[in-house]
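Novice: As you go down the protein sequences, you meet chains A and B in turn.
For the first sequence, counting from 1, position 568 maps to 581 in my numbering; every step adds exactly one.
For the second sequence, counting from 1, position 688 maps to 701 in my numbering; every step adds exactly one.
Bear in mind the hints are in silico, worked out from the structure with no lab data behind them.
No false leads were slipped in.
Remember, identical chains collapse to one label, so a pair may be satisfied in a single copy or spanning two.
DSS-like mimics (lysine-lysine), calculated; alpha carbons at most 30 Å apart, straight line: (1) Lys544 x Lys366; (2) Lys500 x Lys265; (3) Lys652 x Lys126; (4) Lys658 x Lys544; (5) Lys587 x Lys366; (6) Lys334 x Lys500; (7) Lys652 x Lys642; (8) Lys544 x Lys652; (9) Lys642 x Lys544; (10) Lys642 x Lys658; (11) Lys205 x Lys658; (12) Lys642 x Lys205; (13) Lys652 x Lys366; (14) Lys576 x Lys544; (15) Lys205 x Lys652; (16) Lys561 x Lys571.
2 protein chains.
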Amino acid sequence: MVPILIAAISGVLGLMVAGFMAAYVLKQDEGSERVREISEAIKEGAVAFLGREYRILVVFVVVVAIILGVVPNLGWLLAVAFIFGAFSSGLAGYIGMHIAVRANRRTAAAAQKSLNQGLRVSFRGGAVMGMCVVSIGILGLSILYLVFNSHPDFLLIIPGYGFGASSVAIFARVGGGIFTKAADTGADIVGKVEQGIPEDDPRNAAVIADFVGDNVGDIAGMGADLFESYVDSIIATMTLGMVAVFSTVLGKELVPDEPTAWFLPMLVAAGGILASIIGIFLVRVGEKTEMGALLNALRRGTFSAAIFTAILSFLAVYFLKADIGIFWAILVGLVAGVLIGESTNFFTSYTYKPTLNIAESSQTGGATLITTGFANGLMSTVPPIILVVIAILVAYRFADIYGVAIAGIGMLSTLGIQDATDAYGPVADNAGGIVEMSDLPPEVRQRTDALDSLGNTTAATGKGFAIGSAGLTALALLLSYVLAYTKAARIELADFLANSSLLDPLVIAGIFLGVMLPAVFCAMTLNAVGKTSFSIINEVRRQFREIKGLLEGEEGVKPDYSKTVTICTTAAIKQMLAPGLMTIVSPVIVGVLLGPLALAGFLVGAIASGFILAVTFSNAGGSWDNAKKWIETGAYGGKGSNAHKAAVIGDTVGDPMKDTSGPSLNIMIKLMSIIALVIAPVLARFPGIL
Amino acid sequence: MVPILIAAISGVLGLMVAGFMAAYVLKQDEGSERVREISEAIKEGAVAFLGREYRILVVFVVVVAIILGVVPNLGWLLAVAFIFGAFSSGLAGYIGMHIAVRANRRTAAAAQKSLNQGLRVSFRGGAVMGMCVVSIGILGLSILYLVFNSHPDFLLIIPGYGFGASSVAIFARVGGGIFTKAADTGADIVGKVEQGIPEDDPRNAAVIADFVGDNVGDIAGMGADLFESYVDSIIATMTLGMVAVFSTVLGKELVPDEPTAWFLPMLVAAGGILASIIGIFLVRVGEKTEMGALLNALRRGTFSAAIFTAILSFLAVYFLKADIGIFWAILVGLVAGVLIGESTNFFTSYTYKPTLNIAESSQTGGATLITTGFANGLMSTVPPIILVVIAILVAYRFADIYGVAIAGIGMLSTLGIQDATDAYGPVADNAGGIVEMSDLPPEVRQRTDALDSLGNTTAATGKGFAIGSAGLTALALLLSYVLAYTKAARIELADFLANSSLLDPLVIAGIFLGVMLPAVFCAMTLNAVGKTSFSIINEVRRQFREIKGLLEGEEGVKPDYSKTVTICTTAAIKQMLAPGLMTIVSPVIVGVLLGPLALAGFLVGAIASGFILAVTFSNAGGSWDNAKKWIETGAYGGKGSNAHKAAVIGDTVGDPMKDTSGPSLNIMIKLMSIIALVIAPVLARFPGIL
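For reference, chain A alone in the conformation it holds in the complex (with noise of 0.2 Å):
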């Protein structure tokens, strides 16, 4: 019991630094009453959205919930944890972008005075938000711990947690995501395109939008994501602590006993979150204000944490007695998904060769660009797919599958400071917004863009780490649902082995079928993006057009900015179910139909797919938005160059793909798997219809 303490009092840490970090952005200055009003205007539409969005999925969690009561061999103990995953997810959201939609005004407030000054304001805004991820999770899973541990059917239980993680999570990532991508693409096309004036110009009527999009998606989706990534990977790798008591690959123990099994996940957990609150106070710059200094400043930050981290699972192993090879198997997941983070930055950032390549590309115009930059996508997934590769081979030798499950938490285990870097960026952009909107001069504009662009390079690294940790995590869970499979049927587990055959058709059926869904999921959440912005676009358009004097810029003349997100907020809403549905539909279909061997099948195959559409998309999307910086800064004609126009268009298409349909394809494939672990016990009982 004593490791679930300390687990416990490690999140409570956490809460206790988000709290210290809060308290310090809110008591910073607001800024002018222009700065206020506008900030106002974005915390009203994110607070309407987010209400909106959490109404609906309360009505989903209560039927999901009733059907897992009802359903035989579930019950009603998995609903209560499936309530409080999705409860618990949507608190952290709730609270992250609560206090994103304070921070922002205070940042563009704070940059008036140093880019420093900004950096330190918007990095703790980010913080609260990446502290209560990581102490909300582990608070939560010791409580279920703490709760039902006795319970004989306590790994049935406990990945209800999980499941309602997860479906708020795939929701909250979606529709967030369709928000501010339809909001942004649609302020593009009609602002910048048709009608030449600058980003975030008060006069776009799709401007308010554009940034309370930035706040539902990028802060309350992503944190609703990366919080499911996080108790996922920990629920995997408890569930097969049986594996750990007696490893048959290995024929050796890996722990002395099951609740051991158990305990080491949370430590590690916890070890990561002590070592994110030392990395989040590690970053300090003195007065130095160059970029390189603040990007050194959030570099020393998180590899001290990678560090601290290795070093506690180190002590973790050793005192819980644990076999060595399971500390080999964390370390090689934290050494992966660093790898793989680096990795992300070459393919996207504009100090290498593949995004130089693109905005070269774009001379001879937007369909070259688009050929070069996809192709960069394409290319960027060797990297993380051989990384993770190696670190599955690494991780079973040392330590049989329970060491690729405890693989994925040592990827994960810094998400604390990772999301802290990660989510200050949308932070950063939104005050730059609003600087833009106020008047303020153009330096703290220049500050804010800076701090922006800073947490793009940052951004790219934590999308590497989400995607590699998101791959690992998923087959762990997959691996746990036949492990529950066959407990719930009765039959041993080398007996369902020997009968999994690759080769078996039914195996083959379901691999074809995985390998499809993924992409029908970026066709879906591809379109619902294109669907609300052409929305967005017609409105911008028609304000345009109606209100008299608002193109002239003449005094007092305003667009109807509400209007507006009210549109992207209904039509965000609408679009996100399909995709969620069909998320959490499919697996139930596939086992009931195909039975629990084309399940595996199907899992294995979107897994990989899943993986390697993400890592295109992401950074397909993202080599594209940095070519658009390169031109930016000058290169081949700059601003409203022929060649800044072709990047326009790539970076255009490059947004949904890299903040919509790549980052919700993370929780797809641990949403599915999940499921799959979830409804073992049903598909033990009805094996296969076909």
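With the hints as your guide, set chain B onto chain A.
Specialist: Using the frame of chain A, we list chain B on its own:
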């Protein structure tokens, strides 16, 4: 032996039909002097390219043959089969292209008379190619059978033929694909986009290269591609003969003895040739010249061929005293192929909603059009995947894995006529270009445009067949590989299957790597087109800049066409090497490094992911192309409007996707699978370093 003689006779018959068609084409009017002059330039360029490509291929073939000869467990007989396969494939491409470069001018001349006459000449030109591919294929295999059938390693030698054909195909498809799309893109970007001159304008220095590309890419490249599909599907079924003699899954004999299991695929293919001949002669129209009648004529041909094939297949099964289950497997393949073709048509023709939606999205610019089209491509994977999955499960249920293989033959059996309806498109396209450059009356160009557009519809259907059958054939080859491996390693098949669990980390590692490879292949081929077109663009721009009076259209001033053709040839041949060699080397590396089990996972992953990417790329490209054509009919402002400019961007992005990367993936997945089959005996001796 009688069945093999029947097969050989059907091959000879096919060649006679091809000869008859060729004689018909060659005796047509060659057109005006200007027509002949242009057509001669195209012919020279195409012949020069093919010559250089084949010289490189000879070196490659010799090197690989020596390697096959000296490696223990492979040997010189395999090398002979390999050389024979490579030669046969090259021959089919050579004949097809030599007729095509003669048919284009004659089609141009015939279109001066009537649409109907234009169709007749171009369709018969295409039919030469179609009949040559299937006839040479079945004759080659018959010869191989007669020479080697008494050799104890017959089943290990015959895959060499497929390996040879596949190797030539990958280089021909990739090299030709790079050539055609780089020239097309280069010509379009400088001509249509930058200078605003019409398509196929004689002032454009890349215009002849563009026509050459149609011949080397869409004719010779496609010929090699389909030849490979055809022979690989037969070989895969033959090597699975052992399973048909006694199916452990069904617990019964499917055929009385092994030779029958070899005869059956040959006979089904022979039936397909006879059915195709009947179908080709059914493609006749009266003097009616509307499009509907022409399309109906083509469809009457293909549908009748499918029905005759079904009847002849039934007779083959009946007379060889094989199990009726095999007939159901053939039939399900045939039906699935037809339905996949129809679904491709639905997603890419502008008579249906998906393409109309893409055209609509052009109103908000190039970016939204790209997103909508790409989403459409992703969504279009659903029907083919579900149909292939159904075909796999049904065929397996009725005739074990032998059924899966022979379903692939069923799908491909009408290739003779499918290829004819496919290959006439580029001939008509070329003829249209020649008409444009020869100042013939506009109604002639309208007729060739109508033929071209009809060709796009049939090509879409053909692509569906090609992809569907590639998936089934590659799977059959994978199963053959496993069979060959277990035989060579003297392991019981059942033992191998029991140890090939989908959940084995080596299998999962293989699947991840396999899913990645097609993405990398696409990235390489897209980049290759990008690089090559970049040099074309610079050359065309240079000529416009440096040749005085060229852009103004002064009398007697001509661009240097041959310079552009040479640049394109050199670049395409250089760029085809890397993706081709990567495809050949990858399965060897995975097999040697990670072992035979990981290789099986690798192939399953690559087949599934290659299938998805091929469908996505082909259909996204096809729908962009047709969305542009729809706008050109006058929708959304027609030619020259902003909507049209957006559609041109989409078409340019789609070109290398649908004509270089997409179709090459079909070859890639079969080539990797057949390599695994060829090296199986080697892997049995050195089973994995790691």
